[in-house]
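Peer 1: Residue strings, one per chain:
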Amino acid sequence: MSVRISGFIREAYVVSLRDLRRFWQNIYWLAGQVAMNIADLVIFGLIFRGLVNPQLIPDYIRFITPGVLCLSIFISAFTIGREVGVELRREVTHYLVSLPISRSALVAGRILGGVLRGFIYQSGFIILAVLIMGSPTTEKWVLTITASTLLAATMSSLSITVSTVTRDFNLQAAIRSLVYFMFFFVSNVFYPEKALQARLGSAAPIAYYSPVSMTVSIYRYCFGYLQSVDLFFNLTGLTAWCLISILLAYRLYIRNLTR
Amino acid sequence: MGSLRTLLVIALWDLMKLKNQKVFIAMRFAWFTIQILVFARAVSYIVSQVVLQYTGGVEYYYFYILGVYTTLLYSTSIARGYMIADEFDDGIVEYHLSLPIRRNLLAVGRVLGSSISTIIFTIPMMLVVYYVLGVCNVVIVLVSLLSAFVFSMGIVSFVILIVFSMKSTDLTDIVVGAIDSLLVRLSTVFYPLPVIAATGIASYYVAAVLNPISHASDFLRILVFPEYHLIAPYGPVALILYITGFSMGLLILAIEYYEKRLEAGGWR
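Chains as they are written, first to last, in this note's numbering: chain A, 1 to 259; chain B, 260 to 527.
Excised from the complex, chain A in its bound form:
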């Protein structure tokens, strides 16, 4: 039994390393993304900060930093879907299913690949967040890493799911963008829940149940922007998102690999 488990972990690890190698191949894309995210922080700091109502958000740069931290792991974990989509289109999937590894290890490896990409990409932004907001306590570091892992696994799985819905590359990109922007806009990354409440009224809770909002709330607590958050709700919610997304990705990815 333990041999089977260690075999499974090793197989998943090998698959994730392949995804990681491909991640480094797009070094210019990576550099561009990092530059853009930092530019966003600078522009928000320089310009938008002065436009925001201080009674609603006293310091916008401290408000947005955990949001950017969340976006960084979200964006990079989501890139795995593009790879999976390209593989389906170019029928690299035939090669993947011919490998002497189990299908479940293959799926686990792809999701793990997305999570690792997320962590690598986010590490620079974590340093930036520490510089801007100070370092969290050890307990809060554990909480931050847990939230990052759950969100990265959720986004990695979701992007695999949406990329396997269709073989049409443009449609894949459109669905991925739609899902991406849904999470991006309907969340508390750029504005507090109060703004959503004021603008969306009874529809505001949609943002409250978003995995992105849950992660941002945890980050804001860990980096000291918020004094308290409902940790049980946010962690349970994130775990539920993660499990459902992994299950969906597993089902759809396997279906597309074998059909």
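Quick caveat, the hints were computed from the structure, so don't treat them as lab data. Hints are supplied without guarantee of correctness; some may be wrong.
[Said to hold, decoys possible] Where chain B lies over chain A, by a calculated footprint (3+ residues, C-beta under 8 Å): (1) 19-33; (2) 171-181; (3) 192-205; (4) 209-223.
[Unchecked claim] To give an idea of the interface, some chain A residues facing chain B are shown, with a C-beta separation under 7 Å as derived from the structure: (5) Met36; (6) Asn53; (7) Leu56; (8) Phe185; (9) Val186.
[Stated by the list, open to error] Label-pair ranges, simulated between beta-carbon atoms: (10) B/Leu489 - A/Val92: 40 to 48 Å; (11) A/Arg89 - B/Gly261: 34 to 42 Å; (12) B/Asn396 - A/Arg82: 50 to 58 Å.
Just so you know, even glycine gets a beta-carbon here, dropped at the ideal spot from N, CA and C.
Given chain A, work out where chain B should sit, using these hints.
Peer 2: Structure of chain B alone, referenced to chain A:
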């Protein structure tokens, strides 16, 4: 074949592709609507009333959605350019070169076709924006469509030039992505020019002033809200002349490339 008829035939090539993009348009429309009705409304809620002195009294929400519509025009034009890049990879360019059509007409036809496709693609989104703004003046709608078309021609020509220079869709993807992000950020799409000037960063200000996206969005703002003219550095005539000059200049360069670089696989 008469030149006009040739142009029409080439432009139809691009328009025909729209038929297969209904789902894509629907999704883009959904995403744009969320951006307008959720993101823009929530962001404008947290912006203080101080911003009114920088927008000539125009509400930030209205200022913002016209900016977002301009970025949509820009990104859709870029996407049409990508399609041309895909054709290069798929070898369709050889087929086009074998047609009994002059190279300059081929270039103009592709740019026209892509720009018309962009306008058709973005019409549902434009209607949402004008509905939210309460615009029902036909002249304003027609002038804005015309300016959007001219702007789109410039961007499509620009992408074609990049595709020729990069000679690889992957590299084009990265370069255009980087230029895309920079151009949108260094423009007046999200912030009015006086706010950018107040940062004291001269290079940022100059980039925003020279940016064609700034000109296109500011032109639309003056068209819908004449009071915006009070804070814009240039009047509507100067803005539209700049956009026209930008587009015509890039179109001429694109024609030049089609005529001189395409033959004998020069694009590879």
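Peer 1: Look at the Cβ atoms of A/Arg89 and B/Gly261 and judge whether their distance stays inside 34 to 42 Å.
Peer 2: holds (40 Å)
Peer 1: Test coverage of the stretch 19-33 of chain A by chain B using CB-CB distances below 8 Å; three residues minimum.
Peer 2: The restraint on the stretch 19-33 of chain A holds, since 4 of its residues have a Cβ under 8 Å from chain B and three suffice.
Peer 1: Do three or more residues of the stretch 209-223 of chain A come closer than 8 Å to chain B, measuring C-beta to C-beta?
Peer 2: Three-residue rule not met by the stretch 209-223 of chain A, so violated; n is 0.
Peer 1: How about A/Met36: closest beta carbon in chain B under 7 Å, or not?
Peer 2: Constraint on A/Met36 satisfied, holds at 5 Å.
Peer 1: Take the shortest C-beta to C-beta distance between A/Val186 and chain B; is it under 7 Å?
Peer 2: Holds, about 6 Å.
Peer 1: Identify whether the interface hint at A/Phe185 stands, where standing means a beta carbon of chain B within less than 7 Å of its own.
Peer 2: OK, holds: A/Phe185 within 7 Å of chain B, min 4 Å.
Peer 1: Under a C-beta cut-off of less than 8 Å, do 3 or more residues of the stretch 192-205 of chain A approach chain B closely enough to confirm the stated coverage?
Peer 2: holds (count 6)
Peer 1: Indicate whether the distance between the beta carbons of B/Leu489 and A/Val92 respects the range 40 to 48 Å.
Peer 2: violated (57 Å)
Peer 1: B/Asn396 and A/Arg82, beta-carbon distance inside 50 to 58 Å?
Peer 2: violated (43 Å)
Peer 1: Against chain B, run the beta carbon of A/Leu56 and see if the smallest gap drops under 7 Å.
Peer 2: holds (5 Å)
Peer 1: Take the stretch 171-181 of chain A, compare each residue's beta carbon with every beta carbon of chain B, and decide whether three or more fall closer than 8 Å.
Peer 2: Coverage by chain B holds for the stretch 171-181 of chain A (6 residues, Cβ < 8 Å).
Peer 1: Given A/Asn53 was flagged as interface, is its beta-carbon under 7 Å from a beta-carbon of chain B?
Peer 2: holds (4 Å)
Violated hints, listed in ascending order, are 4, 10 and 12; each of the other numbered hints is respected by the structure.
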